[in-house]
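K.L.:
In case you want the letters, here they are:
Number of protein chains: 2
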Amino acid sequence: MGGDHGPSVVIPALAKVAKRRTDVNFVIYGRSDAVRPELEKHPALAPVVQFVHCDVAVRMDDKPSQALRHGRWKSSMWRAIEATKSGDADGCVSAGNTGALMAMSKFCLRTMATIERPAIAAIWPTLRGESVVLDVGATIGADAHQLIDFGILGAAMARSVFGIERPTVGLLNVGVEEIKGQEEVKEAGRLLREANLTSMKYHGFVEGDDIGKGTVDVVVTEGFAGNIALKTAEGTARQIGGYLRAAMSRTLMARIGYFFAKGAFDRLREKMDVRKANGGVFLGLNGIVVKSHGGADEESFASAVELAYDMIRNRLLDRIEADLDLFHARHPQVAPRAAASGEGSQ
Amino acid sequence: MGGDHGPSVVIPALAKVAKRRTDVNFVIYGRSDAVRPELEKHPALAPVVQFVHCDVAVRMDDKPSQALRHGRWKSSMWRAIEATKSGDADGCVSAGNTGALMAMSKFCLRTMATIERPAIAAIWPTLRGESVVLDVGATIGADAHQLIDFGILGAAMARSVFGIERPTVGLLNVGVEEIKGQEEVKEAGRLLREANLTSMKYHGFVEGDDIGKGTVDVVVTEGFAGNIALKTAEGTARQIGGYLRAAMSRTLMARIGYFFAKGAFDRLREKMDVRKANGGVFLGLNGIVVKSHGGADEESFASAVELAYDMIRNRLLDRIEADLDLFHARHPQVAPRAAASGEGSQ
Chain A
1 MGGDHGPSVV IPALAKVAKR RTDVNFVIYG RSDAVRPELE KHPALAPVVQ FVHCDVAVRM
61 DDKPSQALRH GRWKSSMWRA IEATKSGDAD GCVSAGNTGA LMAMSKFCLR TMATIERPAI
121 AAIWPTLRGE SVVLDVGATI GADAHQLIDF GILGAAMARS VFGIERPTVG LLNVGVEEIK
181 GQEEVKEAGR LLREANLTSM KYHGFVEGDD IGKGTVDVVV TEGFAGNIAL KTAEGTARQI
241 GGYLRAAMSR TLMARIGYFF AKGAFDRLRE KMDVRKANGG VFLGLNGIVV KSHGGADEES
301 FASAVELAYD MIRNRLLDRI EADLDLFHAR HPQVAPRAAA SGEGSQ
Chain B
1 MGGDHGPSVV IPALAKVAKR RTDVNFVIYG RSDAVRPELE KHPALAPVVQ FVHCDVAVRM
61 DDKPSQALRH GRWKSSMWRA IEATKSGDAD GCVSAGNTGA LMAMSKFCLR TMATIERPAI
121 AAIWPTLRGE SVVLDVGATI GADAHQLIDF GILGAAMARS VFGIERPTVG LLNVGVEEIK
181 GQEEVKEAGR LLREANLTSM KYHGFVEGDD IGKGTVDVVV TEGFAGNIAL KTAEGTARQI
241 GGYLRAAMSR TLMARIGYFF AKGAFDRLRE KMDVRKANGG VFLGLNGIVV KSHGGADEES
301 FASAVELAYD MIRNRLLDRI EADLDLFHAR HPQVAPRAAA SGEGSQ
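Protein chains in written order, with the working numbering: chain A, 1 to 346; chain B, 1 to 346.
In short, the hints are calculated from the structure, not lab data.
Keep in mind that a hint or two might mislead.
Each pair may be met inside one copy or between any two copies, as identical chains are not told apart.
Unchecked claim - Each computed SDA-like pair below joins lysine to any residue, with the alpha-carbon atoms no more than 25 Å apart:
#1 Lys262 / Arg250
#2 Lys63 / Glu178
#3 Lys213 / Glu40
#4 Lys19 / Thr198
#5 Lys262 / Gly241
#6 Lys85 / Thr114
#7 Lys186 / Arg117
The model shown is predicted, which means the values in this text are computed figures rather than measured ones.
Isolated chain A (complex conformation) (with noise of 0.2 Å):
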């Protein structure tokens, strides 16, 4: 029911995840008076499509606590997250309110045994492929083992969704000099070094233009840099693009090459445009939840879904609490409880 366009966008996305992945299977949770004449419109959905009606919908300027009040145990959202808590359905995407979706997944779900916070993850499009970036805005702030936990989810979804078997992970910071930076980034590059993880490289810190660059194949901070990060890269890109427009149109000459070279200019624009690696993974918690730009449209809105589909198919969630598992057994040193005098030093 979330996004921009709600269900006029989804059920389209979704006859065409349908017809690429051939063993998918959907249920839909909305109300009945949008879902209803968009499910209509595409019958070869009925084989593979179960629909529940929600008299409830969050709005996408709720709050993520009116959200919880009026939403829970009923809305279209709750629902979503808790067929994926049941078994009724492997994951959950939604494009619709991320404070609600991520509210709920934490009530709903929980938080893995050993993960304080979860984090939201991002695919980056780099000049390398792309890599994975996190957190991009779940919670503010992270201490070192949280970071640490956040560079194991990471990893672990590297290995899922671009199939690498031990990837480069590094730590986002002001310099690459290891005396440099947060107190908290300088201790989980340090535990991270000496732990010689099997699931991942260990790289060292990077800085913000190494993202773009795919310097490693993810990249960890705390949400609060995470996200400036994140949008300062998709205003620029459109900055950029702005810049790019008006120089095309400028002269004659220009509007001449622009004619010739339009091809270019379209793939240039697929390059570039931020919805082709859409979906916020939500991870560390026990379920696996996508949340779509609101804007997005129906080939970005079937991203986000085959992303979903692709985590599940490569067992995320049993890589990760095999990963976290390893890493505690073999350093208990940093278990999770000791996690919790370390929050909030500087």
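Following the hints, position chain B against chain A.
P.N.:
For chain B alone, kept in the frame of chain A given last:
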């Protein structure tokens, strides 16, 4: 002596500035064997240049503590800063080691009476022109009072450099709602709104994508997030430049298009060139110090010098002092002594 090219870029850059600003005089500190040959190539500089030989030059890879140990009192960097203190110069520009330049500037010039920590301000090209963004890396973390100081410093700089009488100031945050974000940012927002200063128009929170849009004239944040935002934007610009080059050389049609639109691409490249808006301004010190990019070419080092020139001409330091006095006279409850107790709170 610093930067990737040393005097071979600095001296020709000064020759450019001397042509454009006819009332400027330079005092140059450096090793005679490196500087003299360059000066000889630019005889027009002779009447406006005083050269001071220094045996020691801070190296680009010196740690700030090393630089202070080996270079205090005698290195070219130190003596240029000291000239700003003694009044032999009105400001100092260096393409050298940033950490060393900041450490020496703090040590020699000291922070202004009511300022606890200095900031580095960047001039950021936006869709609407240019904005000041600070702190981009002088110090990690900032409490509410330090963020307010940064706002006052940045607004004074925007008035001096852009000639805007009452610049708009925004606090960088992960959402624009008053309830979101770090406690320090929320408190700074509340205090700035209450203060209703005549030297700035407080806009509220801004997000990462607002920087490139030019939503406000001055974007305020602490040094960790600010540095990551700056470098992420630089990285994204380079990434898109890379895509563009690849797209334009891939097919014959694209290469023909590029041929026609070459003028437009040149303009675009200029717009995207991060070196054009060259110069990190150290704010909050008893003196004007501008850090040029190490990789600056002649034109771009000249920009940094002219930035310093403009701030000197427009009496930046006097403006800052007047603004700070006014703020602290009106708001004794946020006097700098009170700031210390809030430090490190999360």
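K.L.:
Each hint: holds or not?
P.N.:
Hint check results:
no.	hint	in the structure
1	Lys262 / Arg250	both (16 Å within a copy, 12 Å between copies)
2	Lys63 / Glu178	between (40 Å within a copy, 12 Å between copies)
3	Lys213 / Glu40	neither (45 Å within a copy, 42 Å between copies)
4	Lys19 / Thr198	neither (37 Å within a copy, 61 Å between copies)
5	Lys262 / Gly241	both (14 Å within a copy, 17 Å between copies)
6	Lys85 / Thr114	within (18 Å within a copy, 55 Å between copies)
7	Lys186 / Arg117	both (20 Å within a copy, 22 Å between copies)
Comparing the model with each earlier hint shows violations of hints 3 and 4; every other hint is respected.
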